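Asks: What follows is each chain in one-letter form.
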Amino acid sequence: MKHIVKIMTLLVGISALWFGLLKTSMVPSSHTLLLPIYFIMCLGCYGLLMVGVGLMRFPTCPQEALLLQQDVIEAKGYLKQRGVDVGSE
Amino acid sequence: MAERNKYSIIIPTYNERLNIALVVFLVFKHLRDVDFEIIVVDDGSPDGTQEVVKQLQQVYGEDRILLRARPKKLGLGTAYSHGLKHASGNFVVIMDADLSHHPKYLPSFIKKQLETGASIVTGTRYVKGGGVHGWNLMRKLTSRGANVLAQTLLWPGVSDLTGSFRLYRKSVLEDIISSCVSKGYVFQMEMIVRASRKGYHIEEVPITFVDRVYGSSKLGGSEIVEYLKGLAYLLVTT
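Which chain is which? The protein sequence lines are A and B, in order.
Read in the working numbering, the first sequence has 29 at position 29, and its numbers run on one by one without any break.
Just add 89 to wherever you are in the second sequence, counting from 1, and you've got the working numbering.
Next up, chain B with everything else stripped away, as it sits in the complex:
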C-alpha cells in the first residue's frame, strides 16, 4: 500500500495582495483529491498581503494555509529555507505568487513524479506543450541566448534553468538548499545544476508562463551582468 503523499506548497510573497488570493483559489480548485498545505512566506509586504492571507485562512482553514512571515525582504533562498522548516509534507512545491505559474499544472507535476519516481520535477517553458505569453522579441532573444550559453557551458540536463516552478522531494530540497549560496534567479539555476551534479532523478513537464498580469515585473537591465557572473560561478564551483 503506497504511503499517502502530502504536498507543501511554498509561495514567497512581496506585495502580492491580489495575486496571492487568486493563486490560493486556483490551487484549491485544481488540487481536489490531494493532501496539501500552502505556506506563504511574506517578507513584510507594506501593501497588506498578510491581511489578505489571514482572510484566506478563514475561508480555507488555518491548517491548509500557513502564514510564516518575515520582517523584511531577506531573499528568495532564505524564504524557501524558512518555508521548508514549517513544511509537514514529504514533497515540496515552490512557485511564484504572481500568476506566471498557473496552479493548473500542479496535477501534472504530481502525476509525473508518481509515474517516474523522480526526486525533482521541474516546469519548462521551452518545450512543446509549454510556452510563454507577453514576451517581446528582445525578451525572447535574451532568454534563448542565455539558455544556449548555459547549456553549452554547464550541460545541466534540463531545458529550463531559470524556471522556479518545481516539485521536490522534501529531503532532496533540504540537501540541495544547504549547498546553494546564490541570490535571485541564479539561485534557481544553482539549485537545479547542483541537483543534476548530485545525480538526482530530474523530470520535466511543460508549463505555460503568462507574464505579469497584475503587479510590476522585477526584471531589469543589469540582470545580464548578474547572469554572466552567475554562470561563471556555477561553471567553476559545480
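Just chain A, with the same shape it has in the complex:
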C-alpha cells in the first residue's frame, strides 16, 4: 500500500472518531469542535520539541577535523613520491 494511502486512512479514521464524538455529544460539542485545533497544536509542539532536542544533542566531532588533516598530510606525502600531482588547487 502506498504511504499516502496509509496516512489518508489514518486521517479518515481520526476524522470519523471526531464526527462520532460530535454526534453522540458525550463530550460538550464546544470542546469537541476545538479538538482538531488542539491536535494540530500538539503536533506542532511535538515537532518543535523534536527539533530542539535534536539540535541540543546534535553529535559533533571536532577531533575528526584534526585527524583528517593528518590523513591529508600522509596522503600527499605518499602520492607525491609516486608521481601523482597533489599540488594545491
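Quick caveat, the hints were computed from the structure, so don't treat them as lab data.
Just so we're clear, the structure is a prediction, and the values are computed from it rather than from any experiment.
A couple of the hints might just be wrong.
Stated by the list, open to error - The calculated PhoX-like cross-link candidates involving lysine-lysine, where the alpha carbons are at most 20 Å apart (straight line), are:
{"#": "1", "chain 1": "B", "residue 1": "287", "chain 2": "A", "residue 2": "2"}
{"#": "2", "chain 1": "B", "residue 1": "200", "chain 2": "B", "residue 2": "95"}
{"#": "3", "chain 1": "A", "residue 1": "80", "chain 2": "B", "residue 2": "118"}
{"#": "4", "chain 1": "B", "residue 1": "287", "chain 2": "A", "residue 2": "6"}
Said to hold, decoys possible - Cβ-to-Cβ under 10 Å is the rule here; a few derived chain A residues that face chain B:
{"#": "5", "residue": "21"}
{"#": "6", "residue": "23"}
{"#": "7", "residue": "48"}
A virtual CB, placed ideally from N, CA and C, is assigned to each residue, including glycine.
On the provided structure of chain A, position chain B as indicated by the hints.
Replies: Positioned in the frame of chain A, the structure of chain B alone reads:
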C-alpha cells in the same frame, strides 16, 4: 564456504582534482584484505581531475581504479547508473569525493553487512558515534528541521535520509535505481525511501562528516524549496 565478496566503489566527481587522489589513497589504506575496485565517474571536469585519476592508475593499477568519464555534468543518478554498468563486484559502495565521507568507515560498512546480511548499509551522521564538524547553528537547525519533517511525513525507517555514503547489494541498487527519478540529494532520499517501501533489509552505521576541507560547497538557499517539493513528491509517490 562463503563466496568471496567484491566491492565496487563508485565515486562521482566534478572538479575534485586534489580530493580524488586523497580519497583513493585512504581507500587503499583502510581496505587492506578486501577485494575491491574504485570506479571514478567524472563529468568532464575542467580542472584536470581525469589526469590525476590516470596518474593514480599508474600507482595502484588499472584493474583497481576504473575511469569511466562522461562528457559533461549529467546528474548524480545517471552517474551511479553509469558506474553500475561497469561494476564487477557483487556489492556497490557509493560515496562522495570531497572527503566529507571518510574511507576509514568502509570496513564498518562491510562488517555490518556481513553480520546482518543486510541489503543496504547506510551511514548516518545523526546517531551517537557519528557526527558532523564545520556546521554552524543555522545549518544544524535546517538539517534537524528537515529531518524531523521527513521522519513525520515519510516514516522512512532510517535516521539519515539525505546521506549518500552507502553500501548496496548490487542487485538491490539496480532494482531501486531504475525506479528513482529525482535529482540531487532528493534522489538520495528517494533511493532509501523506495528501498524501505520495498522491504529491503536496511542497517545503519555511524559516520562522521567533516564539511568540505578542500573545494567549494554546493549547498545553497533555494535548496529548501527543492527539499519541500521533493518531500511532497515522495509522500505521494512512494
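Asks: Taking the hints in turn, state whether each one holds.
Replies: Hints versus structure:
1. Among the hinted pairs, residue 287(B) with residue 2(A) is consistent with the structure: their alpha-carbon atoms are about 11 Å apart, no more than 20 Å.
2. Taken as a hint, the residue 200(B) and residue 95(B) pair is honoured in the structure, with Cα atoms around 13 Å apart against an allowance of 20 Å.
3. This hinted pair checks out: residue 80(A) and residue 118(B) have alpha carbons roughly 16 Å apart, not beyond 20 Å.
4. Distance check on the hinted pair: residue 287(B) and residue 6(A) sit about 15 Å apart at the alpha-carbon level, within 20 Å; holds.
5. Using the Cβ-Cβ criterion of 10 Å, the hint placing residue 21(A) at the interface with chain B is not satisfied: the shortest such distance is roughly 25 Å.
6. Checking residue 23(A) against chain B by beta carbon gives a least distance of about 30 Å; that is not within 10 Å, so the hint is violated.
7. Because the closest C-beta pair between residue 48(A) and chain B is about 9 Å apart, less than 10 Å, the hint holds.
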